[in-house]
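Peer 1: Chain by chain, the residues:
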Amino acid sequence: GENVEQHPSTLSVQEGDSAVIKCTYSDSASNYFPWYKQELGKRPQLIIDIRSNVGEKKDQRIAVTLNKTAKHFSLHITETQPEDSAVYFCAADSGGGADGLTFGKGTHLIIQP
Amino acid sequence: NAGVTQTPKFQVLKTGQSMTLQCAQDMNHNSMYWYRQDPGMGLRLIYYSASEGTTDKGEVPNGYNVSRLNKREFSLRLESAAPSQTSVYFCASRVTQGTDTQYFGPGTRLTVL
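Line order of the protein sequences matches chains B and D. Numbering-wise, the first sequence is residues 1 to 113 according to our numbering. Numbering-wise, the second sequence is residues 1 to 113 according to our numbering.
The shape of chain D in the complex, shown without the other chains (with noise of 0.2 Å):
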């Protein structure tokens, strides 16, 4: 039972590139999201799926877009990448919706230059 998965581990880019991180679980969760961590910023929500075939916006979706693939799989791809997108970014999952404890990824971090 791995729980959460995440690739890559670390990827560089250059403004303007794309590229897509990839999330799985292995916990029958419903529920999954991506956070961005910034220094002095705590973690803030970018996008979640509250089950499979939907997607909502968190806090700060611009820029991003998402994809929930199947109820495994939930990515997160950056069009058109720009430093202000520098940060470690964490996918989690839950149950479902509500009260149930979060569980959150080894997270990636992502430098644009």
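The following block holds chain B by itself, in its conformation from the complex (with noise of 0.2 Å):
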């Protein structure tokens, strides 16, 4: 089955600084990949995926990368705001005929102002 890998698992960064968060996946069959956000005691809640047939996707201060033959796709946040900090998830599709989602560990963002 799919195995996603998330690094760092901290990450802390002045305010208005960038943040990366980068992930790899292990299955090629995979075509899906969402970024979701949760806050302390809240649902995952997506704030952009990024599919196979596309290298990059941009959202205002977020932006998405996908590398398929590397297979690792990351996550880039300019302008960090306080209402930035949370746990960040990477995800991908299980691929191969199976359904779901595959989880990468999260990365727990600390923007310091």
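Just so you know, these hints were derived from the structure itself, not from any lab. Just so you know, not all the hints are guaranteed correct.
[Claimed, not checked] Cut-off 30 Å, straight-line C-alpha distance, at most; resulting in silico cross-link-like pairs (DSS-like, lysine-lysine): (1) D:Lys14 <-> B:Lys42; (2) D:Lys57 <-> B:Lys42; (3) B:Lys58 <-> B:Lys37; (4) B:Lys42 <-> D:Lys9; (5) B:Lys37 <-> D:Lys57.
Dock the two chains into a complex; use the hints.
Peer 2: Next comes the structure, spelled out in structure tokens:
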């Protein structure tokens, strides 16, 4: 089955700086890669996603890049703000006919004032 | 439009007790999922239902059963709860398998003593 690795587990940046979170996946059949943001005690919320026929996608301060050859994808947040503090999860669809998402273990992003 | 709803929000069980977690969605989605979230582990897929009348095992199905009651409702049952099943349980749904956005419910926090 699919395996998703996520790094780093904790990331602390100064307000206004950029943050980058990286993920790798194992199943070359996977073709959908969402990113979720989860605040303490809340449900995961989708912030951006990318499909395998696209190399990069942007939405205001958030961007995701995908390298299918290397099987890795990254989340980039620019001009970080205090409200960006949360846990971020990458995920990949299970591919190979199975359904559901396989998640990374999460990155706790801390924005320092 | 409530999206994905779950009941109960919190539950405490004793080892060996049984219970059913309820999930419903009002978005006319075909596919529904149950995940569990443990500290430092991300979310892991327990069971999924690609469409009404079908269910399949995910990554961690042992100790659980599911029922897709109709298109709206997907329940998760613990027949004999164990302390290892202490977790936060999230239900999710999406239009269909593949590359559609998956929406999560608010979660059920379960403690097994």
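Peer 1: Hint by hint, note whether the structure agrees.
Peer 2: Hints versus structure:
1. D:Lys14 <-> B:Lys42: At roughly 25 Å apart (the allowed maximum being 30 Å), Lys42 (chain B) and Lys14 (chain D) satisfy the hint.
2. D:Lys57 <-> B:Lys42: This hinted pair holds, its Cα atoms lying about 26 Å apart.
3. B:Lys58 <-> B:Lys37: Holds, at roughly 16 Å.
4. B:Lys42 <-> D:Lys9: 12 Å, holds
5. B:Lys37 <-> D:Lys57: This hinted pair holds, its Cα atoms lying about 26 Å apart.
Taken one by one, the earlier hints all hold for this structure without exception.
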